[in-house]
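K.L.:
Below, each chain spelled out in residue letters.
Protein chains: 6
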Amino acid sequence: MKVTVSRKAHFNAAHRLFRKDWGFEKNDEIFGKCNNPNFHGHNYELIVSVTGEIDKETGFVIDMKILKDIIKSEIEDAFDHKNLNLEVPEFKELNPTAENIAVVIYNKIKPKLDDVMELEITLYETPRNFVSYSGA
Amino acid sequence: MKVTVSRKAHFNAAHRLFRKDWGFEKNDEIFGKCNNPNFHGHNYELIVSVTGEIDKETGFVIDMKILKDIIKSEIEDAFDHKNLNLEVPEFKELNPTAENIAVVIYNKIKPKLDDVMELEITLYETPRNFVSYSGA
Amino acid sequence: MKVTVSRKAHFNAAHRLFRKDWGFEKNDEIFGKCNNPNFHGHNYELIVSVTGEIDKETGFVIDMKILKDIIKSEIEDAFDHKNLNLEVPEFKELNPTAENIAVVIYNKIKPKLDDVMELEITLYETPRNFVSYSGA
Amino acid sequence: MKVTVSRKAHFNAAHRLFRKDWGFEKNDEIFGKCNNPNFHGHNYELIVSVTGEIDKETGFVIDMKILKDIIKSEIEDAFDHKNLNLEVPEFKELNPTAENIAVVIYNKIKPKLDDVMELEITLYETPRNFVSYSGA
Amino acid sequence: MKVTVSRKAHFNAAHRLFRKDWGFEKNDEIFGKCNNPNFHGHNYELIVSVTGEIDKETGFVIDMKILKDIIKSEIEDAFDHKNLNLEVPEFKELNPTAENIAVVIYNKIKPKLDDVMELEITLYETPRNFVSYSGA
Amino acid sequence: MKVTVSRKAHFNAAHRLFRKDWGFEKNDEIFGKCNNPNFHGHNYELIVSVTGEIDKETGFVIDMKILKDIIKSEIEDAFDHKNLNLEVPEFKELNPTAENIAVVIYNKIKPKLDDVMELEITLYETPRNFVSYSGA
Chain A
3 MKVTVSRKAH FNAAHRLFRK DWGFEKNDEI FGKCNNPNFH GHNYELIVSV TGEIDKETGF
63 VIDMKILKDI IKSEIEDAFD HKNLNLEVPE FKELNPTAEN IAVVIYNKIK PKLDDVMELE
123 ITLYETPRNF VSYSGA
Chain B
3 MKVTVSRKAH FNAAHRLFRK DWGFEKNDEI FGKCNNPNFH GHNYELIVSV TGEIDKETGF
63 VIDMKILKDI IKSEIEDAFD HKNLNLEVPE FKELNPTAEN IAVVIYNKIK PKLDDVMELE
123 ITLYETPRNF VSYSGA
Chain C
3 MKVTVSRKAH FNAAHRLFRK DWGFEKNDEI FGKCNNPNFH GHNYELIVSV TGEIDKETGF
63 VIDMKILKDI IKSEIEDAFD HKNLNLEVPE FKELNPTAEN IAVVIYNKIK PKLDDVMELE
123 ITLYETPRNF VSYSGA
Chain D
3 MKVTVSRKAH FNAAHRLFRK DWGFEKNDEI FGKCNNPNFH GHNYELIVSV TGEIDKETGF
63 VIDMKILKDI IKSEIEDAFD HKNLNLEVPE FKELNPTAEN IAVVIYNKIK PKLDDVMELE
123 ITLYETPRNF VSYSGA
Chain E
3 MKVTVSRKAH FNAAHRLFRK DWGFEKNDEI FGKCNNPNFH GHNYELIVSV TGEIDKETGF
63 VIDMKILKDI IKSEIEDAFD HKNLNLEVPE FKELNPTAEN IAVVIYNKIK PKLDDVMELE
123 ITLYETPRNF VSYSGA
Chain F
3 MKVTVSRKAH FNAAHRLFRK DWGFEKNDEI FGKCNNPNFH GHNYELIVSV TGEIDKETGF
63 VIDMKILKDI IKSEIEDAFD HKNLNLEVPE FKELNPTAEN IAVVIYNKIK PKLDDVMELE
123 ITLYETPRNF VSYSGA
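In the order they appear, the protein sequences are chains A, B, C, D, E and F.
Count along the first sequence from 1, add 2, and you get the number used in the numbering used here.
Count along the second sequence from 1, add 2, and you get the number used in the numbering used here.
Count along the third sequence from 1, add 2, and you get the number used in the numbering used here.
Count along the fourth sequence from 1, add 2, and you get the number used in the numbering used here.
Count along the fifth sequence from 1, add 2, and you get the number used in the numbering used here.
Count along the sixth sequence from 1, add 2, and you get the number used in the numbering used here.
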């Protein structure tokens, strides 16, 4: 019996969408006000969903306290109250779009889980815009 | 790397559930108070989800501004503050249940997207009732 | 010790904003698309807040079951799945703006409460627009 | 055309996570404060999602009133304002984790639906922790 | 310039509504299924609102970290995953209605704040029922 | 009959809490991670509440379209996707705490309203932290 267990978390961060190898005009055309060189920011709401068999002993797929700790050490401590472009190594050369942030979060959490577990990341950039990624 | 990008939108509309080819009694039996001939209405909350590869150049699956514009021109301009039964051509002969509205929205948005994109429509008729359709 | 007790409820309805004594052009200028003669509709979310002393015996300001029943008989049964303009007597000559609906709800619930109770009505017409009225 | 229809419901209950065949120390190590012998409780928010073909006659996958009645008789009447460990037979020998509760709810609702319908249960134990199960 | 600063928090707890000095029948008549002797429970959502002058130096009415710590030590540590009737001393002789819980929370937090600060407590017992108390 | 009309809006922005006349250590002690020199950011959710008499002619306290336009021109155009410290003149010498932002928003909107209208600003910095200011 496979069940999906989900945990919500959040972090606040500044970011800017742009490519160093494009001039300001092209960045402005593609990224609009998201290309503000002084940055803007978001309250990112994160849902981490882990799918696996229910452990007969405990009745858990994964202990929620363990999942909460993984999210804290891998994501919240690394991203919260940070400037994603300047302070988070994964985005030194990668544009911090919601899509790319979701992939980075997936890649940071996946190795911390038992191999048989499936993982899906849902990331709200604003209450009206969100993305999800499950490694496929 | 396939990522799903979702955008929330909303529209307010009046509607009535009934079939012209049924008498009032049968409509009343099946549709209950939703068959009120004077109409009732809803704040429809809509989530449009597009799945595709992340563009390496931009970091986007689809530019959210473009998706927002498609939703506005295809759905909000056509449905908002309208009587679905009387003013939206797709429902002239089709009962505007949440299920049918979701299919109509899917069919209006799908041709505006790149063919390789997958689409899912989630439609909240009330905060407690919602439907989703992905073309299958 | 005065405590305020609040109960959420909801109803779906169709309405139209207009004045019979104005022509279509003036109605259109003032009420815009809310003046659609075929009606549009909303999921109205209602919060009824009653303020009074805590009863020493029960620990209640008002029994929530009683408040729930008052809301059901006075508001939900009268407004839900109705056309406010055509089917709710209070709006036969009164424009069903959110402001006026809140006042009507206040006037229907107030007489059902103990005289010493204070009442406030909060009415969401959409998730982004709401009004409140407390009889002053 | 397969559409998924979802209905939200809720129930309040007390529970305790523990195994009778473990001593207090092991229960405490695994279940922490959820093992409080005096119980604690939750507002469980439930989403029941049914997938099937749209009925051409009615435009419904399933009549929402019927789905609402199934949820009421099978789940709300059985679980609401109850102590899950002491009063709900399914948990006499089964630890009432969110995962196990979701499976129990699935197993109670599935036989009430037409065989061709697919079912998914999503259960929020708190606003930040939730699980889902679809019988696989 | 007086500003109100609010912080949301939450705790899960079991409780039962009843009076020791009433028989089961009267308790049942007044408190219905909330009088279940085996307890039931809630996710209580709490909003603590502090009103005072903005400090010219810091731009804060109160440092949110300090307010968060007060809520944690006074309320979350004392109430979370507890049985309110059996384990929280304030409710040994006081019926744990939402109204009474709000007053107890007010009385625990108020002495921890600067005397000139005003305090309001809002407590959601369920997403549809909530109470507020400001000491008057 | 005085009614309060509220409209929700939102803007995303980067900011940093610090005082130029304090050294880094004191800023760090008081503002913690909010003092990150590279900025962090938020999705600010704003509620603008206007209280006044219902206009007998229109049934409105204030036309919601007019209120929406005032919020757009005064607040969203000025703050959205901006760095509050570097790009919004009001915060050149004023620490952009939620409290101070609420006061600035109040002072920008108040002169655009009829003098007899009362105004309250509620600003969510995160889903769990918010402030309100009504000019007193």
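Worth flagging that the hints you see were computed from the coordinates, not collected in a lab.
Only a predicted model underlies this, so the values are computations on that prediction, with no experimental measurement involved.
Where hints are given, some of them may not hold.
Here are the simulated distance ranges between beta carbons [to be verified]:
| id | chain 1 | residue 1 | chain 2 | residue 2 | range |
| --- | --- | --- | --- | --- | --- |
| 1 | A | Glu27 | E | Met3 | 38 to 48 Å |
| 2 | F | Lys70 | E | Met3 | 18 to 28 Å |
| 3 | F | Pro39 | C | Ala138 | 29 to 39 Å |
| 4 | D | Asp30 | F | Pro91 | 52 to 62 Å |
| 5 | C | Pro113 | F | Met119 | 23 to 33 Å |
| 6 | C | Pro39 | B | Leu96 | 39 to 49 Å |
| 7 | F | Asp30 | B | Val118 | 28 to 38 Å |
Here a beta-carbon is modelled for each residue, glycine too, at the ideal position from N, C-alpha and C.
K.L.:
Where does the structure disagree with the numbered hints, that is, which hint numbers, in rising order?
P.N.:
Of the numbered hints given earlier, those the structure breaks are 3, 6, 7, listed in rising order.
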